[in-house]
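J.: Sequence:
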Amino acid sequence: MGAKKILRTVGLLLALLISSISSLGQKVGPTAPQVMEWKVGDTVRKALVYIPAGAKTSNTPVIFAFHGHGGTMENMFKTRRFDQLWPEAIFICPQGLNTAGQLTDPEGKLPGWQKGIGANEDRDLKFFDAMLAFFQKNYRVDPKRVYATGHSNGGGFTYLLWATRGPVFAALAPSAAVAARIMNQLKPKPVLHLYGENDNLVKTQWQKSTCQFLLKLNSCSDKGEPFADQAMLYKSATGNPVVIYSHPGGHTYPQAANQVIINFFKQHPGL
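Under mature numbering (1 follows the signal peptide of the UniProt record, and there is no 0), the residues of the sequence shown are numbered -24 to -1, 1 to 247, in order.
One should not assume that every hint holds.
[As the list claims (entries may be wrong)] Ranges of calculated distance between the beta carbons of each label pair, as one might list FRET restraints:
id : residue 1 : residue 2 : range
1  : Lys184    : Phe110    : 13 to 23 Å
2  : Ala106    : Thr80     : 26 to 36 Å
3  : Pro230    : Ala109    : 30 to 40 Å
4  : Val20     : Arg141    : 16 to 26 Å
5  : Gln231    : Leu177    : 18 to 28 Å
6  : Lys211    : Gly142    : 19 to 29 Å
7  : Asn176    : Lys120    : 30 to 40 Å
8  : Met12     : Gln60     : 34 to 44 Å
9  : Asp98     : Lys199    : 10 to 20 Å
10 : Ser34     : Gln181    : 14 to 24 Å
11 : Gly226    : Thr33     : 43 to 53 Å
12 : Gln231    : Gln10     : 17 to 27 Å
13 : Glu13     : Ser195    : 35 to 45 Å
14 : Gly17     : Gln181    : 16 to 26 Å
None of these hints come from the bench; they were simulated from the model.
Glycine included, C-beta positions come from ideal geometry on N, C-alpha and C.
Go ahead and model the full structure; you've got the sequences and the hints to work with.
T.: Structure follows, in structure tokens:
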């Protein structure tokens, strides 16, 4: 083999080595998102997680974000990007399991979340408990700044968490969902509810009824004031305001809502 060919080969190998080291660094860096696993019963559960560099030394907020029926943790992470909007917070996007839908997918071929207390042997509530316990044990989680949001079936699960794990949360932000049968188990808590004016799946009127219930639950004023574009704030006599974010779309989620939700969460640390 000629000297020039040897040099070219060595150069190529060095380039590949440098590229591999660079890629590895991107995957395991202290603030890179990573897939984490938990054994819950006999099932391995997963979540895509962003952990800020200071999470072991500083009081750190935690945001759980639950995808809708048929969704994925990857898409939830990509479309919310709370890691960029609040880089000091741990950002967790769990992955659901195949679940029979109430409005679609009755055979349960697509992933989602349990819809009520005791459903699916409470597998998703147990999953949430396992995740929260892990982060509380291994990181410096601020107990006054734990939040949850979710869309559609994930929004319904956010309401279920409020009903069953309410004291854990400082505030919540469900979208395209209803509280339904668990309404009477909710205790006052700061909440932002987002819905589309033309939602033909989780009917807009159903969601408006949920919002009216929330205003009464939280002892809110009848008159709202602007909180953000398309969002109205209703102040609360008990310190538990309600923000209603109404957009002109259907069963969708506007990207502009990401910053609005983060602003709402930041304004409401728990007591």
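J.: Decide, hint by hint, whether the structure agrees.
T.: Verification of the hints:
no., hint, verdict
1, Lys184 <-> Phe110: 13 to 23 Å, "violated, 38 Å"
2, Ala106 <-> Thr80: 26 to 36 Å, "holds, 28 Å"
3, Pro230 <-> Ala109: 30 to 40 Å, "holds, 34 Å"
4, Val20 <-> Arg141: 16 to 26 Å, "holds, 22 Å"
5, Gln231 <-> Leu177: 18 to 28 Å, "holds, 19 Å"
6, Lys211 <-> Gly142: 19 to 29 Å, "holds, 21 Å"
7, Asn176 <-> Lys120: 30 to 40 Å, "holds, 39 Å"
8, Met12 <-> Gln60: 34 to 44 Å, "violated, 20 Å"
9, Asp98 <-> Lys199: 10 to 20 Å, "violated, 40 Å"
10, Ser34 <-> Gln181: 14 to 24 Å, "violated, 44 Å"
11, Gly226 <-> Thr33: 43 to 53 Å, "holds, 44 Å"
12, Gln231 <-> Gln10: 17 to 27 Å, "holds, 24 Å"
13, Glu13 <-> Ser195: 35 to 45 Å, "holds, 42 Å"
14, Gly17 <-> Gln181: 16 to 26 Å, "violated, 38 Å"
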